[in-house]
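Q: In this text, residue positions in the sequence shown follow my numbering: the first is 3, and each later residue adds one.
In case anyone wonders, no lab produced these hints; they're calculated from the structure. Beta carbons: idealized from backbone N, C-alpha and C, even for Gly. Please note that a few of the clues may not be correct.
As the list claims (entries may be wrong) - Label-pair ranges, simulated between beta-carbon atoms:
1. T129 x G400: 49 to 59 Å
2. D17 x G370: 50 to 60 Å
3. A134 x R301: 48 to 58 Å
4. D17 x R301: 33 to 43 Å
5. L335 x R55: 38 to 48 Å
6. T283 x I141: 41 to 51 Å
As the list claims (entries may be wrong) - Dumping the calculated BS3-like pairs for lysine-lysine here, alpha-carbon to alpha-carbon at most 25 Å:
7. K323 x K263
8. K323 x K67
9. K263 x K67
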Amino acid sequence: MTLQEYGPAVSVPLDAETGRALAADGILRSAGPDPARVGHWLLRAGSTVGAVRIPGGPVLRIMPKTPVSRLFFLLGFSLNPARAWRDRREGTVDTGGYDDLVPALAHAVERQIDTALRQGVLQGYRTVEESALSVRGRIREAEQVRRHFGRTPPVEIAYDAYTADTAENRILRAAVERLLRLPGVTVPVRRRLSRQRVRLAEAAPLIRGHALPLWQPSRLNARYQPALRLAEAVLHGTSPEHRPTGAAPLTVDGFLVDMNKLFEDFVTVGLREALREHRLTARLQDPHHLDTAGRVGMRPDLVVRGRDGRAPVAVVDAKYKVRKADGLLNADLYQALAYATVLGLDEAHLVYAAGREPVRVHEVRGAGIRLLQHSLDLSRPPEGLLTALGGIARQLAGAAEHP
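Please put together the full structure from these sequences, using the hints given.
A: Below, the structure is given as structure tokens:
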């Protein structure tokens, strides 16, 4: 089954149980029985794109409006802007020329892992606790008394082992194994992924449904970091497998990207990086309250602070609304007005993923507040997108100069 992002509803044959599960899972914008065809359901995609395999059913593909190479530029920049696009290439995420999201993802992750492992599998010290017939390291006295009071061996011990079974290698192995199960991965990429799985065989597999192991960026794992960030994108919340048990009514194998979240991440991270050139700091998802009692919470996507790092000087909200960005989106304008009012600002900025006008300005009657709607056309090349973000950042910096 193939759907288009925000495209028209498609009638597909589905049994009632699978149809209801799809409707409840939230992957689609809407799903309901087709009144004109018995045994068919009308499926309409929203902002979520990717592919999933429905157990006992077909593969569901949701094609993005944005070209896949551009989508991965947004993803790569959001994950690590310091290493992202800086020349004429699409980005540090190599998609192998694939036009479909899942094959491109599998190719990109495999290439990143291959680069990470080129100098060998990273090893590190890990604390091991076990029962043994001889003493190694230190004895865990409390466990020894609790489990084996009055008799030895075995001995409860703890020691530091130098091993490849590290958090970093566990994450990479889990990403490889997940990609090998995804629908649509090409045979050559599957072969390369299988070779990477063999190289990472000493790392223990992750337990389905458990949180990912934590790792800390350091000089020692610097060569792993691009691969780790991309692997975590495969394994995190947009991928159903690592949701907590019971969080989703439909168990699927697939990879899904919420374009709303991806666009928001790209805009806020890009503006934060651009504002550093103006010696301004920006906070993402900065918490505030609408009311004095603190009962009504609000989290603007980006709040710009002055050079003292304290006083707000600008506020930005990103909106991925491809079809409606030209219209007067009243709810968005009301939200931006609330942000400006609470933060004591005379203007607020909204950044959309499309629009015919680069900037549209609304003067709020009787309030002395301006609401600016910016359009960021995702069909533009990476250089154009970053230039557009730089222009918005200059406006924000101007507001800081003349509060």
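Q: Now tell me if each hint is right for this structure.
A: Results for each hint:
no., hint, in the structure
1, T129 x G400: 49 to 59 Å, "holds (53 Å)"
2, D17 x G370: 50 to 60 Å, "holds (59 Å)"
3, A134 x R301: 48 to 58 Å, "holds (50 Å)"
4, D17 x R301: 33 to 43 Å, "holds (40 Å)"
5, L335 x R55: 38 to 48 Å, "holds (41 Å)"
6, T283 x I141: 41 to 51 Å, "holds (50 Å)"
7, K323 x K263, "holds (12 Å)"
8, K323 x K67, "holds (12 Å)"
9, K263 x K67, "holds (15 Å)"
No hint from the list above goes unmet by this structure.
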